[in-house]
Structures are given as structure tokens and as C-alpha cells.
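J.: Based on the provided sequences and hints, a complete structural model is requested.
Number of protein chains: 6
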Amino acid sequence: MFFYADNMMNFAFAESLDDDDYIPGGYGLFGVPFDSTTSYMAGSRYGPKAIREASYNFESYNMRFNKDVSAVCYDIGDVQVNNGNYMATNMMIKDTVKSLLEMDLKPIAMGGEHTITNGVLGGIYEYDEDLYHDMSIIHFDAHFDMRDEYMGEKFSHAAVLRRLHELKPKDITQLGIRSAEYDEFEYVKSHDNINYFTSYDIKDNIQNVLNYLEDLENPLYISVDIDVLDPAYAPSVGTPASCGITPFELEDMMAIICKKDVIGLDVVEVSSNTIGDPTSVNAAKVIYDFLTHKS
Amino acid sequence: MFFYADNMMNFAFAESLDDDDYIPGGYGLFGVPFDSTTSYMAGSRYGPKAIREASYNFESYNMRFNKDVSAVCYDIGDVQVNNGNYMATNMMIKDTVKSLLEMDLKPIAMGGEHTITNGVLGGIYEYDEDLYHDMSIIHFDAHFDMRDEYMGEKFSHAAVLRRLHELKPKDITQLGIRSAEYDEFEYVKSHDNINYFTSYDIKDNIQNVLNYLEDLENPLYISVDIDVLDPAYAPSVGTPASCGITPFELEDMMAIICKKDVIGLDVVEVSSNTIGDPTSVNAAKVIYDFLTHKS
Amino acid sequence: MFFYADNMMNFAFAESLDDDDYIPGGYGLFGVPFDSTTSYMAGSRYGPKAIREASYNFESYNMRFNKDVSAVCYDIGDVQVNNGNYMATNMMIKDTVKSLLEMDLKPIAMGGEHTITNGVLGGIYEYDEDLYHDMSIIHFDAHFDMRDEYMGEKFSHAAVLRRLHELKPKDITQLGIRSAEYDEFEYVKSHDNINYFTSYDIKDNIQNVLNYLEDLENPLYISVDIDVLDPAYAPSVGTPASCGITPFELEDMMAIICKKDVIGLDVVEVSSNTIGDPTSVNAAKVIYDFLTHKS
Amino acid sequence: MFFYADNMMNFAFAESLDDDDYIPGGYGLFGVPFDSTTSYMAGSRYGPKAIREASYNFESYNMRFNKDVSAVCYDIGDVQVNNGNYMATNMMIKDTVKSLLEMDLKPIAMGGEHTITNGVLGGIYEYDEDLYHDMSIIHFDAHFDMRDEYMGEKFSHAAVLRRLHELKPKDITQLGIRSAEYDEFEYVKSHDNINYFTSYDIKDNIQNVLNYLEDLENPLYISVDIDVLDPAYAPSVGTPASCGITPFELEDMMAIICKKDVIGLDVVEVSSNTIGDPTSVNAAKVIYDFLTHKS
Amino acid sequence: MFFYADNMMNFAFAESLDDDDYIPGGYGLFGVPFDSTTSYMAGSRYGPKAIREASYNFESYNMRFNKDVSAVCYDIGDVQVNNGNYMATNMMIKDTVKSLLEMDLKPIAMGGEHTITNGVLGGIYEYDEDLYHDMSIIHFDAHFDMRDEYMGEKFSHAAVLRRLHELKPKDITQLGIRSAEYDEFEYVKSHDNINYFTSYDIKDNIQNVLNYLEDLENPLYISVDIDVLDPAYAPSVGTPASCGITPFELEDMMAIICKKDVIGLDVVEVSSNTIGDPTSVNAAKVIYDFLTHKS
Amino acid sequence: MFFYADNMMNFAFAESLDDDDYIPGGYGLFGVPFDSTTSYMAGSRYGPKAIREASYNFESYNMRFNKDVSAVCYDIGDVQVNNGNYMATNMMIKDTVKSLLEMDLKPIAMGGEHTITNGVLGGIYEYDEDLYHDMSIIHFDAHFDMRDEYMGEKFSHAAVLRRLHELKPKDITQLGIRSAEYDEFEYVKSHDNINYFTSYDIKDNIQNVLNYLEDLENPLYISVDIDVLDPAYAPSVGTPASCGITPFELEDMMAIICKKDVIGLDVVEVSSNTIGDPTSVNAAKVIYDFLTHKS
Ligand SMILES: [Mn+2]
Ligand SMILES: [Mn+2]
Ligand SMILES: [Mn+2]
Ligand SMILES: [Mn+2]
Ligand SMILES: [Mn+2]
Ligand SMILES: [Mn+2]
Ligand SMILES: [Mn+2]
Ligand SMILES: [Mn+2]
Ligand SMILES: [Mn+2]
Ligand SMILES: [Mn+2]
Ligand SMILES: [Mn+2]
Ligand SMILES: [Mn+2]
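Chains as they are written, first to last, in this note's numbering: chain A, 1 to 295; chain B, 296 to 590; chain C, 591 to 885; chain D, 886 to 1180; chain E, 1181 to 1475; chain F, 1476 to 1770.
Keep in mind the hints are simulated off the structure, nothing from the lab. Each hint should be verified, as a subset may be incorrect.
[What the hints assert, rightly or not] Straight-line alpha carbon distances no greater than 27 Å define the calculated DSS-like cross-link-like pairs of lysine-lysine that follow:
{"id": "1", "chain 1": "F", "residue 1": "Lys1735", "chain 2": "F", "residue 2": "Lys1643"}
{"id": "2", "chain 1": "F", "residue 1": "Lys1664", "chain 2": "E", "residue 2": "Lys1474"}
{"id": "3", "chain 1": "C", "residue 1": "Lys779", "chain 2": "C", "residue 2": "Lys760"}
{"id": "4", "chain 1": "E", "residue 1": "Lys1383", "chain 2": "A", "residue 2": "Lys67"}
{"id": "5", "chain 1": "A", "residue 1": "Lys203", "chain 2": "F", "residue 2": "Lys1734"}
T.: Right, here's the structure in full:
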């Protein structure tokens, strides 16, 4: 009846979910507007809104990959967060992810700070522990996020990968790293199932990195901290770090891993607060490209 | 199933509309993100988003009026606009309004520039011409918007009330006016069924204005150009004008007319581009207060 | 001694503290850059920096009160906060306040979100429980902050005064209120030792309020949520509410209570992110005026 | 002739000046984009551009004063400033003012920082010393600007009125003051030909101030530091001061003195950096209203 | 003669035009502050102002090309636009262009949205249809702008090159493309006289593109949608697209085509709203470099 | 001793200086918040604050150089500047630098505009003239800054290197240049002891530049005008210039010269006005990397 009325807040290439009438095997997209543990600059709570907004800027034909975007994707809205309470928020994310998996929909999460990845992968872990142990985690970030704790907190954005490693995935690959504390660097180097490539490695010889990624075995989980990009391309992040990678390089790496069996994806640390900010455009592009590859 | 998932973009105190299961006699809220004819500063296209966002800042108990907000209101989303094409956009607004009226829902529109009021009242006119002729229009604005044309355009934000007057409503009352061209001032003064109170009149003797409003007969239509407020309270508008009214004064006047039989309401010219901007807070308050009065 | 205190730029009219050589009986000023439980807009973590910055904008002679600012005040820097962990941060605030009181310095806190008031008054409570039970709390705010809990959290900015009331101060006076949930309103009305004046009460008859304040007995504690001001005067706050009070009105009320025996003061919810923002100018003014009265 | 004048966008109600064909007895408007001595926040260099831009927001019929704007006014552009060199810039302003006076055009200057007033009145002084000694200076400001020196500088924005007083005008009236150093306050009180009204005096009894202004004898010079307005109405100024006057109050005072014999006018300290900022709207209004009174 | 042209600040290296005394064979520069059909983010109406402002940032000696900027260029101001009315605005642009061509001045236009290119080339078409059919159009853009229509509009920024192609120029070359709808991609591929190079083609082998451009035959028309640059270099555009070209690459390509016989140039979609924004600096550079080549 | 130094927040990896107990042979860091001669956009007065703020964003382990940051560095605060008075400010900088050198601490200055380099090197010159004549100056900048004068001023940001050259250092190397006036270009080319590499030279063959730098003899002084970076990486500068170098390239060049005997370092023209702005992150990185190399 309201032919002209537009349903606003879905990601541009996603539909609303009708529990009784949906296509299993697709993707369930949700936002987590949570940034309580951020140490430097807050604002990633606006990430889900910013990414959805930016998604309307894309056209349906993806020139780079010569395909229309047609993967089945449902935008189920935002998880209700509990500001200042990481544990409660984490539980809500896990429940949401488990519900999606039960419906045979794979999770795509839009942060929010990086701690939300604990919730997404925690949900996968609780849904199917074997799957978790069998999985390779691909982690794009300027930072290792491998601290034992940060300012006394075990569940901090700076410790998120450490917590995930303790749950024993098959292995973790960290891409674009360029900032560290010495202790976490030692931790990374002392574990055989953690590999990393700095932004310098990527800039100097991306083909080497692409070959490495090509050889990875299924299944995968992908976590993209948008601060992996240079601040020129992603200025609105909680902890900007110079000498980052470019969107071309991110696209090249994603092009290889997206073709594999990906259990879940998250894009985090988007703190855009103006419409059209390149940070959210590049973040939306990660999801847009992923959905293209899955089309 | 997704217990934690939140449906984001509705106005805070409104629900989504299910055509098959709704309560007639309530309100239908919609946005019109259109600002193509704006002459000075564009940006009111962001108004609907900004107003909805700001609505989440309010609490359900309205202290001033000692009531909880409980009026039945459905947020049907945004009308699809045709940027750069006023006539096409206007038709879409009219169709939406007529559909709402047919469902026995009264329209509440969030602009968008002031020309959208032509669409809302045009829809009412086409739905029930007699009703239109029987109606008093209450117009809050810094400007008369009574020009014959503006930069050669008959359908300009600066001419919107002139077009409405030509359709012959019972009368028009303009409140908060403080800027004019001489010709439109002459037009206003030469018509018996147009009355106005400047912001100076309101500041000097609001009781006089309140008495006038108390005496108005039903039915009414209310159009609020948010630039009626002083730029201190509404800095993000297309044409800011000094020496405006205060939110207290707007609240006092609205308190009287909202209690009457109001056929429709619009709030326009909100150009907020940052979250928490007072312009959108004050605009959301107009709708929040209206819904309180109707609770 | 101030293990958690970090070294930063001093407030303009304060000195650094040398533990071995200071004047007892003065004031100890500190910041708490904590905003983890904020529900709507984060950013009050920048408050201490913004208020200190704005303090350099004032001149040493206070025209309104005809005095030079000469009270003894030490700026001990910022309390180290634990982002995302309210309980840990609260403990640090309490320890800092107790250390100050042991040195015979009265606390002045710059927030950060309103929950930090729990820490300041919690420190006073733990230092001298009798003093707490004997004290009147003066609370300037747009909101009661009297909820039992907020989104499941007992220690939320929206519940801060409820927690303080449960610790049994002599009484609480709330000034400038204009937004509420029904339940907290009921709680307020049902307790004899909680009084409130809305912003409407203040606007309509400030003399009545001033008389009330004049009659209050010592000692007092003052908590200023800067959102008590209208958004025109304090646009950068977490939860802006229309129809607030003016800086003139705040100054008039403060002029009376500052002359009494004030145990402590806090100014919270300043989220300024640009230099010269009126929010931080008005917040710095509260402390500047207080120090004038104590000169 | 106007060797230093640079060509820019005209003020909305002004024309370009053709030296060979103009109407004597009118006004010569110019900008001085100079802010080198500003101590707190720079940016008034953008003032002339901001004020001209804002002027296009006004309509030709002035409702408050029931007149069309038709005074003869020429916008001769911006005086060429020498950043970091006050003395050179001052000389250029003086030359420009003398050229205007020789053409029988009265100067209207748009700052820039308040030191530019030294140039405008210095030009009048050099053109006709007797006129200067015969003149009353009306000074709207939050600050006395009566320091002997500021940070070692005799020619500082904080000392501008002191320098002007030393040149012996008939008298100086300072309006809206609310911030001071003790020494300059003493200086003001110790001179019979300096009078002042604080913003509190104006708020409490404006009629008293209006009567005083009504009684002033000709000729006058008017200097408006836009920080005389409360930061709610003029947020973008170099040294914002709380508890300022309102645009209504400024309009009321200007309405009286503009009707007298005004030798020159300046509006300074406008640091707007966004289009539509209330600071520049209110500043443009001062000139717009002045030109209305002279129509 | 330039009935529609409005007087504004000149581009830094241009003079005002005196119809009776000018040098034929030079360039006529004008702005078109029109953005009514923009679908995503408005703001290119500020483009002409932003580009002129940024031009003052350049020095007269062009190091890259080892030349002083000395081409004859007249800035005739802004064409008067009719907000919300594309057809009227288009006619004004065409008239302006035809007037310039009659005076033997070649047009350089500063947008405004991309639709203004229809006006510039439409003016050339009406002035000399044969010239149009003989001309190669060089189009820098992230988007093809080759849709048949966009949201029902034939004259949309997304359809501008389609309309121009229908007028039968010799050929069209599109450079930097990276976003498309499938239908327009099909249209491009199905026409022999449309060629394109994506941003990936340029990044991977710019020498190939430079050779192609070197071989183009005269005369040429150049249209630069500034969104051809990556958002890192041009963040303030209506529809930002990741993985764009760099200013070095744009400079290299322009260096070759500017040396040829260029009939006209436009730079569009600049939506800068802060002084010094890289978008306007890079846009001004296109014109600055062009004028260098023609010196 | 540091009479002019004001107390502020320390740079993250620096300590406060205790004159009686410090380690000679380290570095003395200070800010100079001065921007009075800036011709285009002011704001570098906020540079010291912005750089210190950004320094808290770095981690202590420097991955690129495989070292912890442990060089001895004291942050002595900001030199007191005299706004609008270059000569007085310059004298204060020189006195501060001479005091540092007498304590055997090497100066690291954070601007402020580029003229402050005159003060730093002027202090070194007055402390040890032979050292100055023996020194190579390494100058990163988009501009030569070699004008004889600028707008009549000998001591302008655009003439700073000319003044330094006149004091006869051994030689000057200018890196990243891409903008010039013809006269200064001639001056540079006509002096054998001035060498330069444009940003194009660096982009096309950085190895050639690195070899040149490797061959430079001790001692060195390094001055970094942050506008040497492309505006994508440093958008907030006084005179942005397109086609600049990248942070990777700056890091590569700094890596070679930092290992040599560096007498002093300055980083200037940072005009960031928002927290997390890439300009200040990249500026802080220059100092962070320098201190790493010296660890
Ligand atoms: Mn990170
Ligand atoms: Mn991370
Ligand atoms: Mn209006
Ligand atoms: Mn209107
Ligand atoms: Mn509050
Ligand atoms: Mn509160
Ligand atoms: Mn002043
Ligand atoms: Mn002032
Ligand atoms: Mn485009
Ligand atoms: Mn285009
Ligand atoms: Mn430079
Ligand atoms: Mn420089």
C-alpha cells in the first residue's frame, strides 16, 4: 500500500528477515554499537549506523570482480548492548550468533570495538566447539591485540586475539600489523600457530602474502579491524597508526580468502561521525565485496 | 527468536506498521528527505534521520504535561524522493498522505525543506476538499513563506504558504515571523484570513498569543519550520534568522493547539548533521510533545 | 600517595600539588575521564581536558562577585580510569578522595559521566560515614538520575542519585529537572527527604528557589550535571534536554550555596570536542565561581 | 586610490565602488582579516568572509523597523593585512579610512580582531583630530579591553580601548562587560569619562540603559565586539564569556544609537568557520540593521 | 552580456573581465553552484567558492612543469542557478558558454554537480554543432554516469555522459572508473566510440593509458569529476568510491591532454565545506595545472 | 632557569625535568604555540597540544626498528609566546634552546609555524657559532621557504630557510619540495650548498635520495614541516600542497639521518584541531621514531 515508503536502516544489499520465510544458507548481518572498553577515542558505537549508511553509496554491479551482488543476506538489526558492561553485551552477541547458526545463516557483524569479535567467535565456539578448533582465523589489524590484559582487563580490545587464541583455533594469521608492546610480540613469536605479516611485508611483497593466503585450508573466520588501513583511508578509528595498508591491498587479500569457506566475518572499530567519511565507505566495501564473492 | 535484536530506525515512541493488524485512529509518521529547492544551505535531507535519532534521547514520562507518551503512532519510513524534481516528489507525498487517511491514520511528516508541506496538505486537499476549506493552518516560522514566486519558481520553500493560501483554507495564522520581503508582507496584510504574530509580539506578550490560539476553532493543521526558534536553539537550519522564539515559548503555544482536533502535523527544515545537535532535539520534542498530548 | 593520579595541564587558577609543601584547608581538583556507561553519546571522557583548557579563558577578577580568585586549589591531575570497568574506576576515585580528605583538602571533581559522583561521595562516605548522613546533596541536572537500574545496570549514570540516596544522606535537592521515567518520579515523590525544582519552576519563580537554598543547613555537597543548562548553552552533553536553565540562573543558585560549608563539588557530563565550546566554558565557570566564593 | 583594498564578494546590500561615479554621504564597508595578536583562539581572519556570506541570508524588508534597506553603501573589499605585523596593518587601515572620509563616505569595518578598531579610529583621528575629541565611543564587549598592556604588548586586543582613551575622545561607554582584570577595572572606575554597564545591568534593567543611550550627544562611533553576545548566540569568538546579552537586547540598544550621528561602525571578533554559524548571522545583522536605520 | 553572471571573488590566477577591454583567445572561468539532483550527499553548491578559495594556496611558479602561470584567464563569477530546477539552470549555463565562445574565450566551469557538464557541452553544441561531432570527450570519474535515467530522471548526475553520447561526439574516453550498474556497463561495451580505463588499469599500467591519450586527435573537451581521486585525496564528494587514482596519476594524464587543443574544461562534484580541504586543493590544482600548460 | 616555559601535559615517552636531578646527554622537548605570521590558515598554535595528545596513541615497542623507546627525553612544556610579536617570541625560543644546550640536552621543538625554526637554530648559532657553520640542515617541506621576504616581512614562514642560509650553515638539503616562486627557485639553484629533491624525485627513485642522505657528514639539524606529506596524510596544515610524499617515504629517509649525530630536531605546521587527526599522529611519529633511533 505504501508503495513509496522506503525501509531505511537495512544494509543496502540486504533484506529484513522474516523467520517464517527465508532462504537458509545465506548470511545474517547485525550491528553491535558497543565501545565501552575503548582506551583512546570512543565512537565505534556509531559504526553500524555509519556502515549501513555508506552501503547506499555502492552500485549493484561490482566492476572489480565482474559480478552483480546477489548473495542472500538478512539485516537483523543491532544487538542490544549494555553500555559499560562487556560481559552482558558479550552474552547477547553469542546468543544472537547461535540463533543465526541454528537457522543456517552465517554471521556478519559490524562493530563496535574489537571486543565484539569475542562474542561472535564465542557464539561459534559454543555452537560447535569442533568447528572452532578446526578453523583458521584471519585477522586484519594495525595491532596484534595479543596482550595478556590491558589496564587490568582481560577482555579489552587490546587483548581480544589473545583470548581467542586461548580457545584454540587451528591457527591465527595477522595481517597489516605495525604497532606492538614487546610482551605480545614475544607471545606471537613463541607460538607456531600464529603467523603475521606487517604492513611493510605487504607493501614490499604482496605476492608472497597472497600465496600464503591461497594455501590456507578451510574453514576460515575473518576479522577486519578497519585501522589496518592507513589513516589516510580510515581516519576515524579509535587508535590510528601510520604506515598502514591501502584499500587496493586489502581488496587483493580479501579476494583470495573470500572465495574459501568462510564461517563468519566481522568489521570493527569504525568510528565515523560524518556522512561519507572514507572510514565507513571502506568498511562497507569489505562487506559489499564479500557478498559479491558469495554471489 | 532474535530477542536481542533491535529494530533501529523507527521514531522512539512509534511502531512499525503492519497493514493487516493496526489500530485505526492513530498517527502515521513519515520522513521526506528532500531539499532540492533550498536556496541558501542544503542539508534538510538529513532531517528525518536526525529527528528519529534524537527521539531516542527522550524518556517516556513527559514531566511538563504529567503524562506518559502512549499515543498510537506508526513510523512508515521515508517517502521515496526524486532529487531535483519537486513535482514528482510532491506527488509521492500526496499519495502517501492519502493512503494514510484512507487507513484512518493522521499524517505526521518530518522534512525535508518546507515545500514538503505542499505535499502533505495537498494530500489532505485531494482526499477531502471540504475538510481543507474548513481547516485553520497554524504556521510556525521565522519567514512568511508567502512570496508569489522565488527565483522564478512557483513551488519554492519561500512560497509554500502562498500556494496553500490559494487553495483556500479557512484561515492561516503565522507565528514567530521576523523576516520578510515587502511584497509578501503586503499580501499578508491585505488578506483578512491571514493573521501573524512576530517573535517580538510573542516575547512581549505571549499571553495575548495564547488567548488567540485558545479561541481557534477546529480542525487545525500545524506546520513547524524549526527556524522559528532562535539560532541558539536551532543552529542547523537552511536560513537562520536572529531574534527567534525559545523552546519554552514554542512549548506553551503548542500546548494549547495540540489539545484541539489536529488533522496533521509537519516539522521541517531540520539540517542537523551531528548527533545531539539541539536543532534535532528540539524538532523531535515537537513530535514527542504532540504524541503526549494525544496520549 | 596519589597512586592513580596522572600528570596533566593544570586548571588555570590551580597549582600542582607538592605533598611536602602545601596549604591544608584548600581544594584538591582532579579529572575523571570516564564515559563507559553512557547510553546515548559518549565523549565526556574529554571533559577534564576541555574544562582545564577553557579555564585559561577567564580573567582573575570576578566582576559579578567583585573579588579576585585566590582560593588555594591544587590540580592533582586525572584519576587513572579503567575503561569499560565501572567498579575498578569507582575504587580509584574513592581512594583519591580519601587521600585528599586525609590531607585536609576538599575534593573538586571534573567528569566524565555522572557515575563518577558515586566515587566522590563514596570516598566521603568511607572516610566519614557520619559526615555523609549529615550532608545535604544539591544536584543540578535535567534528569532525576533516580532509576533503580538502567539497562540492567545498578551503577549507571541514570541511577547515580538513587545509589547515593540509598546511602542515606540527610536530604537531596534536585534542580533543573525536566525529563523522567514514571517510576523514578514516583520514587522521588514518595521520599520526604528528596525535593526537586523543575526548570519551569526556576524560570517561573527563581526567588522561591533561592529562598529555599538560603535556608539549607550545612554541610553541603554539590553535583552539577552540565546538561542542567539548556542545550543552547551546553550543546555538547551526552543526553541534551530542551527547556533547560540559563547560566544566569545557575550562577544565581550557586551564589547562595557556595557561600555555605561545601564538602565537595563535581561538574560532570561535559563532552566538548572543540576548543571554545560553550559547554566547557560554562563548566569551567562553575569551578571558577566556586573558587571565587571561597577566596 | 584604495591601494590596499582587495576585491572580494560584496556584502549583500552593498555595491562595488566606482571612484568616478558614486554617491557621497554614504558608507564605505571593508574587511580586515587580521588576527595575529589573538591570545586564545585565532580565526577572526575569516570574519569578513563569514559576515559577507551571512548577509545573503537576510531579506530586504526589515520587519522590526518597518523599512526596506536602501542606504547607500559601497563594499570596497578587504584591506591588505600583514600577518604578524600589527603596525603595518594598522597603517593600512588608517590610510583606507582617511581615503573614505576624503570621499565623504563613512567607514564600516568588519574584523578581524579588536585591534583593528585602533586603525579605524586612528584614521578618523588623523583625518580630523577635533572630531575625535568631540566624539563619544560606544563599545559593546564582554571585556573592558582597557589593559595597559597584554603579554608585553601595548597594541593588543585586550588593550584597544585603553589606547583609544589615551587619544582623548569625549567619553567612552562600555556595554555588556562581564570579565576583567582588577587593574583595568580600577582604570575604568578612576576616569569620569568612562562609563560602563555590565550584562547584568542590561538584563536587570535595560530601560535604564536605553535612557542613558538616548541622552548621549552626537557624534558617536560604535564598536561591536561580537563576544558581547552570550556564547549561545555567538559561539565562534576568540574569548567566549558566559552570561552575555541577547540579540534582542543588542538590537534594542543599537536601535537608539543608530538613529544618531554615527561617524563610523565596526563589528569585530567574528571567528565563524562554518556557513550559517549564528555568530556571523548576528554580526551581519548589526550592519544590516544599521543600514536600515540609515535608509 | 553575461546577464546571469554574478560577481564573486576571483580565482587566484584570473582577472575580472572587462567586456570592452580584454584579450581574445584566452579562457573564461565560471562557477555553477548547483546540486539539486544529487542523490546521496549534497554540498557541491559550495564547490565554486571552495575552489576559488583554495586557488590562493598556490604559488605562481609551477615546479612540475617548470613554468610560471601566465595564461589569460577571466573569472566572470557564478552563473545564476535555479535551485530545484535543472532545465532553467541548464539554459543559463548554455547561454553563458555561448557568450564566452562568441567573445573567443574558451569555457572553464567549476561545479556544482556533474549535470552542469550537460550545460557546458550543450552550449558548445548549440554554438557549433560540427565542432561537437568532431570532438573527443575525456571524462575522469569513479562512475560511468552512463545510465539511461536515474530515479526516473533523464537529466541526472548519473546519466550525464549518456546524454552527451546521444548528441554524437566523435568519441568518449572514461578514466578511473570503478563503480557501475550492469546496464550502463553493457551500454559502454556495446559502443565502439566509448573507451574506458578503470582505476585498476591506471594503477597497473599507467604507461599504456598515457600512450593511448598521446594518440588522441584534436579537439578535446575535458570533464573532471573529482571523485575520480581516491577518497583519501578527495574526501568531500557526493558519492565517494574506494580504490581511486592518486593526484600523481591525474597529473600525469592531464599533462598529456592539456597540451592538445582543448575546447573546454570542467571540474565538478567538489563538496568541500572547510577551508583547506584536500578535495578543493586538488580541484584547484587541475585548473592551475591547465593554465600552466596553456601559458 | 626555564623562565619562559609553561607547564603542560608531557609527551608520552618523556618525563618532566627536574633541574637538580636529570641525565645529561638526553633531549629537551618543548612546544612553541605560535602562528602569527601564517598567511593562509592559522591554527598551528594548537600543534604542541595536538602532538602531545597523539603521542599517547603509540606503543612502546617500535616494530619497524625492532626496539623499545627508551631515549632520555624531558618535556619542559611550552615556551611562552608573544602573539603578534615574532621578534619577542624568537628571543624566548633562543633563550630556551641555549639553556637546554648548557644543560647538555639537545633541543626537540614542536611548532607552531615554521618561523620557530629560526629561533631553535638561532639559539644553536648563539650558543656555538662554529657548530652552526659546521652543520648540515635537513629540511623536509612542500615549499622551499627561501623567499627574500614575504608580504614585506623578512621573518616569515615563507622566508625561514633563506634567513638560516644567510647565517652560513655548511649546507642545506631540501626534501619533498613541490611548490615555489620563481625567485626563490633561482636562489636555490644559484647556491652550491643548497640541494633539493622534489616529491617527484623521491617517488621516482627514493634509493637515489637514500644514498645521498647516507653520505651526509655530521653534524645534522632536522626540520620537518609536516606539509611535506601529501594532504591525504596531513590534511590539517597551513598551506596544503598536492602530490606530497608518504609516511613510508618519510620514515625511510628519517631512518638514515636519525642514526647520525643530530644536534636538534623540529616538527612544525601541525594545525590539527580534532583528536586523532592523522596530521598529529604522523607528526608525533617523527618524534617517536627519532627517540627510538636514539634508544
Ligand atoms: Mn587496531
Ligand atoms: Mn583491533
Ligand atoms: Mn523559515
Ligand atoms: Mn519555512
Ligand atoms: Mn543529565
Ligand atoms: Mn546526570
Ligand atoms: Mn574586544
Ligand atoms: Mn571581547
Ligand atoms: Mn562520480
Ligand atoms: Mn560524475
Ligand atoms: Mn610548507
Ligand atoms: Mn615550511
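J.: Please write out, lowest number first, the hints stated earlier that are contradicted by the structure.
T.: none
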